[in-house]
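Visitor: Going down the list, the sequences are from chains A and B. Here the UniProt record's numbering is used: position 200 in the first sequence is 200, and no number is missing along the way. Here the UniProt record's numbering is used: position 59 in the second sequence is 59, and no number is missing along the way.
Quick caveat, the hints were computed from the structure, so don't treat them as lab data. From a predicted model like this one, the values you see are computed outputs, not experimental measurements. You may find that some hints are simply not true.
In this list, chains with the same sequence are indistinguishable; a pair is considered to hold if it fits within one copy or across any two.
[Unchecked claim] Listed next, the in silico SDA-like pairs over lysine to any residue satisfying Cα-Cα at most 25 angstroms (straight line):
hint: 1; residue 1: 366; residue 2: 79
hint: 2; residue 1: 321; residue 2: 41
hint: 3; residue 1: 366; residue 2: 317
hint: 4; residue 1: 321; residue 2: 137
hint: 5; residue 1: 366; residue 2: 62
hint: 6; residue 1: 321; residue 2: 94
hint: 7; residue 1: 366; residue 2: 134
hint: 8; residue 1: 366; residue 2: 294
hint: 9; residue 1: 321; residue 2: 83
hint: 10; residue 1: 321; residue 2: 151
hint: 11; residue 1: 321; residue 2: 84
hint: 12; residue 1: 321; residue 2: 189
hint: 13; residue 1: 321; residue 2: 43
hint: 14; residue 1: 366; residue 2: 102
hint: 15; residue 1: 321; residue 2: 366
Protein chains: 2
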Amino acid sequence: MSDVHLLRRSRLRERCAAHGGAACAVLITRVANVRYLTGSAVPGAVLLLAPGGRDTLVVPADLAPAGQPASGERSLQVRAPAAADEDGAVTAAALAARAGADSLAVEEHDLTVARHRALATAAPGLGLTALTSTVEQQRLVKDEEEIAALRIAAEITDHALGELLESILVGRTERHLALELERRLIDHGAEGPAFPTSVATGGHAGLAGHLPTDRRVEEGDFLSVCLGARYRGYRCRIGRTFVIGTAPSDWQIELYELVFAAQRAGREALLPGTPCREVDRVTRQVLDAGGYGDALGPATGHGVGLEIGEDPRLAPAVMSKLDDRVPVTVEPGVHLPGRGGVRLDDTLVVRPQADGGPELLTITTKELLAL
Amino acid sequence: MSDVHLLRRSRLRERCAAHGGAACAVLITRVANVRYLTGSAVPGAVLLLAPGGRDTLVVPADLAPAGQPASGERSLQVRAPAAADEDGAVTAAALAARAGADSLAVEEHDLTVARHRALATAAPGLGLTALTSTVEQQRLVKDEEEIAALRIAAEITDHALGELLESILVGRTERHLALELERRLIDHGAEGPAFPTSVATGGHAGLAGHLPTDRRVEEGDFLSVCLGARYRGYRCRIGRTFVIGTAPSDWQIELYELVFAAQRAGREALLPGTPCREVDRVTRQVLDAGGYGDALGPATGHGVGLEIGEDPRLAPAVMSKLDDRVPVTVEPGVHLPGRGGVRLDDTLVVRPQADGGPELLTITTKELLAL
Numbered sequence: 001m002s003d004v005h006l007l008r009r010s011r012l013r014e015r016c017a018a019h020g021g022a023a024c025a026v027l028i029t030r031v032a033n034v035r036y037l038t039g040s041a042v043p044g045a046v047l048l049l050a051p052g053g054r055d056t057l058v059v060p061a062d063l064a065p066a067g068q069p070a071s072g073e074r075s076l077q078v079r080a081p082a083a084a085d086e087d088g089a090v091t092a093a094a095l096a097a098r099a100g101a102d103s104l105a106v107e108e109h110d111l112t113v114a115r116h117r118a119l120a121t122a123a124p125g126l127g128l129t130a131l132t133s134t135v136e137q138q139r140l141v142k143d144e145e146e147i148a149a150l151r152i153a154a155e156i157t158d159h160a161l162g163e164l165l166e167s168i169l170v171g172r173t174e175r176h177l178a179l180e181l182e183r184r185l186i187d188h189g190a191e192g193p194a195f196p197t198s199v200a201t202g203g204h205a206g207l208a209g210h211l212p213t214d215r216r217v218e219e220g221d222f223l224s225v226c227l228g229a230r231y232r233g234y235r236c237r238i239g240r241t242f243v244i245g246t247a248p249s250d251w252q253i254e255l256y257e258l259v260f261a262a263q264r265a266g267r268e269a270l271l272p273g274t275p276c277r278e279v280d281r282v283t284r285q286v287l288d289a290g291g292y293g294d295a296l297g298p299a300t301g302h303g304v305g306l307e308i309g310e311d312p313r314l315a316p317a318v319m320s321k322l323d324d325r326v327p328v329t330v331e332p333g334v335h336l337p338g339r340g341g342v343r344l345d346d347t348l349v350v351r352p353q354a355d356g357g358p359e360l361l362t363i364t365t366k367e368l369l370a371l
Numbered sequence: 001m002s003d004v005h006l007l008r009r010s011r012l013r014e015r016c017a018a019h020g021g022a023a024c025a026v027l028i029t030r031v032a033n034v035r036y037l038t039g040s041a042v043p044g045a046v047l048l049l050a051p052g053g054r055d056t057l058v059v060p061a062d063l064a065p066a067g068q069p070a071s072g073e074r075s076l077q078v079r080a081p082a083a084a085d086e087d088g089a090v091t092a093a094a095l096a097a098r099a100g101a102d103s104l105a106v107e108e109h110d111l112t113v114a115r116h117r118a119l120a121t122a123a124p125g126l127g128l129t130a131l132t133s134t135v136e137q138q139r140l141v142k143d144e145e146e147i148a149a150l151r152i153a154a155e156i157t158d159h160a161l162g163e164l165l166e167s168i169l170v171g172r173t174e175r176h177l178a179l180e181l182e183r184r185l186i187d188h189g190a191e192g193p194a195f196p197t198s199v200a201t202g203g204h205a206g207l208a209g210h211l212p213t214d215r216r217v218e219e220g221d222f223l224s225v226c227l228g229a230r231y232r233g234y235r236c237r238i239g240r241t242f243v244i245g246t247a248p249s250d251w252q253i254e255l256y257e258l259v260f261a262a263q264r265a266g267r268e269a270l271l272p273g274t275p276c277r278e279v280d281r282v283t284r285q286v287l288d289a290g291g292y293g294d295a296l297g298p299a300t301g302h303g304v305g306l307e308i309g310e311d312p313r314l315a316p317a318v319m320s321k322l323d324d325r326v327p328v329t330v331e332p333g334v335h336l337p338g339r340g341g342v343r344l345d346d347t348l349v350v351r352p353q354a355d356g357g358p359e360l361l362t363i364t365t366k367e368l369l370a371l
């Protein structure tokens, strides 16, 4: 693990030196980026890459004894802030100035205005520049070890969902079912849920990000669930919709088949070189043709990894193309106010046709089950 | 509930108008502040108080149907961003400009540099000013309804911990015990844990914020646990240390009694009008006298509420005084590298002597139990 993190930091250094010169230091504050570059998941830890190859992880004073990098690598120094209650980022800025840096590239999409001002005050000689989303771009294509972690997260998620489907659902509340799913994720080895589990029944079904309520599952309902495990920091997502009772009604079958066809179109488009907006377009087009184009949200999917919502977004205005080994979700849904609706979410990895095409990580069936 | 939120917003309006004039609009982005002022816990929602008494909650496009305020109050308009994938804060800034505002007070301690710039671009005629921590100050003293929620959170926490103490602990891992505690919190009605549950055994015991590992509980260990329930958004904290096996050894008894005495000194100092640094001083003084002053972190406690770490901090450089109805933790700890240590955390509400003095919410015993 240590070598992986060292290599990632070297790549970042090279990119930054190319833009900012040899005397440019880099400050990483975004939690997922610190973890990606060091392996450390200590809350509040920040990473400084100073000129001369010194890398320092600054961890909060009261967590310092626990702050050794996960890998125990020697190239990464761990230290506490200069003052016990000082922000580690302020300590890092002062360190950068002392190490001879003339500028410090910071994550303006992560630092608050107040914190940015505190850095400028702590190291007045240092020019603060913007790192933009350099590390996020570096995180976009995953290595096979990262994909393996996502694969395990998906297996755990499939197990948890599979067990729930074998139990009695009628009469139980959304909240109760969501809690049970989260427990099962942990039973099967997840660090925790990748995001708040959504369980939506009746009129709620098909709503994106629905927070579970005390509504009970009833005969004839659509039931949509959306969950994912976090494993070694990596997060996946699955969404499925079921019908409760003996047999689905005609409108339910029609809506389900439409969303299924839309989601399949999106999944099949996941090849290296495909524009992200093209995946969105082919998905959206199926729903448009069925008259439900307006029911779709702003995106039909997004990247996953150390965060549940990463680049690339699969949305109309996105200009980038898909790359090999980029994990994404495809998650179209239609919600009809007062009636409910259908969502189908999968996590897949973009792979070339020669390697068998897109790799589906979340393998729970997408047949319309009547439970 | 609706009246409470309306009243809170009116108070905020008055304060802001006093500083920024009648044409000053206010943008609230910090999650806990949006919840405090509207009751809404929709992720990504932002609140705009525009001139003329119009309050608007802007919720992400794909969550808009679920975005009705919890209370259903009519004075709060709910709307989606202008463009489906636009940041609600940008929409709110444009709304403020159209409503005739000449300035917009923003939470610089919450907005990132990048988001702040996007607001300035979206509404170029609007002067962006700093709201500082106005809402946090308003949240400091709790009303009896908020304290009731904290009291329930504490009851749930005590139940979960009490059940764990009745089970066999030797041979189980820190990670397993932490998961079991979190499940029990949920079983007893918590929305979730207030913060990541810490279970620390052997050499880890007494470490603040220790993340559970696969180390197993052994005979003779100190075992320290720190957990809390979240109930209606309100978060409490308890920490206890136990000895595993038949009887504690002498050094364990001595260290425990010292931390206990320090914590009691802090608890007893929680009266309206007491300087925050005085609570810290009396706690620290006991540990100093025992020779363990250096083992203490930068603060001996902090406020709790919709966030687990709120003002006031109980630390040496803090200048404010305690008020009636401010809930705080008192949580000194000593960790001896290689040997372990002791932490004792309680959540209490500051009350005047005439009302019986500080109200202890977390009532699990602080006797040194051998389990």
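Visitor: Confirm or reject each hint.
Guide: Tested hints:
{"no.": "1", "hint": "366 <-> 79", "verdict": "neither (50 angstroms within a copy, 34 angstroms between copies)"}
{"no.": "2", "hint": "321 <-> 41", "verdict": "neither (31 angstroms within a copy, 35 angstroms between copies)"}
{"no.": "3", "hint": "366 <-> 317", "verdict": "neither (29 angstroms within a copy, 59 angstroms between copies)"}
{"no.": "4", "hint": "321 <-> 137", "verdict": "within (13 angstroms within a copy, 47 angstroms between copies)"}
{"no.": "5", "hint": "366 <-> 62", "verdict": "between (48 angstroms within a copy, 23 angstroms between copies)"}
{"no.": "6", "hint": "321 <-> 94", "verdict": "neither (40 angstroms within a copy, 32 angstroms between copies)"}
{"no.": "7", "hint": "366 <-> 134", "verdict": "neither (37 angstroms within a copy, 50 angstroms between copies)"}
{"no.": "8", "hint": "366 <-> 294", "verdict": "within (23 angstroms within a copy, 59 angstroms between copies)"}
{"no.": "9", "hint": "321 <-> 83", "verdict": "between (46 angstroms within a copy, 23 angstroms between copies)"}
{"no.": "10", "hint": "321 <-> 151", "verdict": "within (23 angstroms within a copy, 53 angstroms between copies)"}
{"no.": "11", "hint": "321 <-> 84", "verdict": "between (46 angstroms within a copy, 22 angstroms between copies)"}
{"no.": "12", "hint": "321 <-> 189", "verdict": "neither (34 angstroms within a copy, 46 angstroms between copies)"}
{"no.": "13", "hint": "321 <-> 43", "verdict": "neither (33 angstroms within a copy, 29 angstroms between copies)"}
{"no.": "14", "hint": "366 <-> 102", "verdict": "neither (56 angstroms within a copy, 53 angstroms between copies)"}
{"no.": "15", "hint": "321 <-> 366", "verdict": "neither (27 angstroms within a copy, 60 angstroms between copies)"}
In summary, the structure is inconsistent with hints 1, 2, 3, 6, 7, 12, 13, 14, 15 from the numbered list given earlier, while agreeing with the others.
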